[in-house]
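Enquirer: Please arrange chain B on chain A, whose structure you already have, making use of the hints.
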Amino acid sequence: MERETGVWRLVFLALPLGVFTVLVIWPLASSFYYSFTNWNGFSDNFEFVGFLNFKKLWTDKLFFNAAVNTAIWMVAAVLIPTLLGLGLALLIDSRIPGGSVFKSIFYFPICLSAVVVGQIWIWIYQPDWGLLNVAIGAVTNTSPDFAWLAKPDTALGSVIAAWCWQHTGLAMVIYLAGLTSIPEDLLEVCEIEGASTWQRLRVVIIPLLTPATVVVVALNVINSLKGFEILYIMTGGGPFNSSDTLAMHMYNESFKKYLMGYGSAISVVLFIVALTIIGIYFRELKKVDEIYG
Amino acid sequence: MAEAHPAAPVGREFNPWPVVIFIVLVCLAVLFLAPTAGVLLSSVKTTREIALGDLWSFPTRLYLGNFVEVLNKPAVHQYLINTLLVTVPATAASIGLGVLAGYVFAKLPFRGSEALFLVIVAGMFFPPQVILIPLYRLFNAVGLIDTLYPVILIHIAMGMPICTLLMRNFFATVPNALREAAILEGASEWQVLTRVALPLSLPALAVLATLQFTWIWNDFLWPLIFTQSDDKRTIMLGIVNLKGQYLVAWGIQGALSLVASLPTLIVFLFFQRYFIKGMTMGAVKG
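Taken in sequence, the protein lines are chains A and B. All residue numbers for the first sequence refer to the numbering used here, where the first residue is 1 and numbers rise by one. All residue numbers for the second sequence refer to the numbering used here, where the first residue is 1 and numbers rise by one.
It is possible that some hints are incorrect.
Computed Cβ-Cβ distance ranges for the label pairs, DEER-style [said to hold, decoys possible]:
#: 1; chain 1: B; residue 1: Thr194; chain 2: A; residue 2: Gly99; range: 37 to 47 Å
#: 2; chain 1: B; residue 1: Val24; chain 2: A; residue 2: Gly137; range: 34 to 44 Å
#: 3; chain 1: B; residue 1: Ser57; chain 2: A; residue 2: Lys61; range: 16 to 26 Å
#: 4; chain 1: A; residue 1: Lys151; chain 2: B; residue 2: Arg48; range: 23 to 33 Å
#: 5; chain 1: A; residue 1: Ser43; chain 2: B; residue 2: Ala172; range: 46 to 56 Å
Chain A side only, calculated, beta carbon under 8 Å to chain B, not exhaustive [to be verified]:
#: 6; residue: Leu13
#: 7; residue: Phe54
#: 8; residue: Pro97
#: 9; residue: Ser113
#: 10; residue: Trp121
#: 11; residue: Trp123
#: 12; residue: Leu270
#: 13; residue: Thr276
#: 14; residue: Ile278
#: 15; residue: Gly279
#: 16; residue: Ile280
Just so you know, the hints here were simulated from the structure itself, not pulled from any lab data. We put the beta carbon where it would ideally sit given N, CA and C, even for glycine.
The following block holds chain A by itself, in its conformation from the complex (with noise of 0.2 Å):
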């Protein structure tokens, strides 16, 4: 009997573990491995060059400029559509009618894909006609022609609202599921003793929906270290690198330079962020889990 659930195992995962393995795992290792080479992409002939790719890195002021803003795109991309998310649950929770209309309206941008998103968003900030520019010249009567992505001042935090525009309604559905989770009776205690709606908020609501925030940012964090193919459509990580990121950079100095070991350097340090951001994530699930399992 034991024997042959072991068996069974085996046929059930072979195919899993086998595919996963080759395409996942092996890569992974591989892209370590490569780092370490001056690989271009197509020829078969490399030399292992040691550090001399991570060398580079420190030396390399556009991948400082790619470091800075990952970090400007990810505190960005994970706060705003968090803080809008959990207000527009709040707002929404509070039984009004139509909340299930409003909860799809909020929602459905992620049902779109980067490129359509981007797509909507350039025009939005097209110097002519945009909406932007015409909002902004109806409110102030005058016809202004700002091209909001091609300037290096705001290229970035225009791609980051389009961003949030598409992962706000996410943020918005998992406070929501976690909203309804919260026991009714605590909320009628809240009333009898005549608690303020603020206080209610604070000492009641958002630390019973500490579960949800957790899953909230840990996807929000995900999403926006893979944020790669927006920034791609909208401004490329133009103009002059202002709006580059990390995985943008990597891509250029793979797939336009040729310069693939380089480019697995690169991707190493964003393994290596990613891993760090994991660590942290399933550490802080634990401690919920322990809180209010």
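Expert: Leaving out everything else, chain B in the frame of chain A:
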């Protein structure tokens, strides 16, 4: 009259908050819908109308020429067919692998299976750029660059973590007694999986099908790296390609975006429930 009922609190009779909240939500909803409205409006206007700065107003008449142009373009047909050829097999296969692995992790655990499970789930968290270069070299070596196969295979592998996670969690809720009874009756593990566990897991399968279909349909990165010729491109790359061709033909771009988003919009409309379930799983765990 008021003095006759001194106990009735005046403030209770009209609570303004629901009305205020409702108005705030309506304003926010309008703001949220405005970007999408732009695409809808552009798709039913002529290029001339848009160039005159008239994108954001309501159209006086419906102009369907943009859709005619997009839908009659052979390249667009090819993009859509390619996208289907990637999305359908990759969705089915990633769920299939997730079912197999999830069943073992839930019902046939072994020493070290928990650690193995975590390794697979961790795959969900990594930016795909990390494995881009080795995969490029791998598929280059076997001569599959500029075909759809690498895209399909990678989506199967990258989809496996979420499928395994969800199926394992779902199978865990299927009572062990059911499996043991079936085994006693002489059923094999395969029969337990296909005749007992899977029929009970339709909701989980629906969640995964919805999520995987949407993600793979919308993907841009993998076809960007692995396909080169125009007749191998998927629809999302097609939009970017055709942009050069229709540089100022905004209306056609809008119609094309709409056509490309239609399948995922339909899936979203009909399976919204599953979509949300998939995205929020774990958020309210006890």
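Enquirer: Hint by hint, which ones does this structure get wrong, listed from lowest number up?
Expert: 2, 3, 7, 13, 15 and 16
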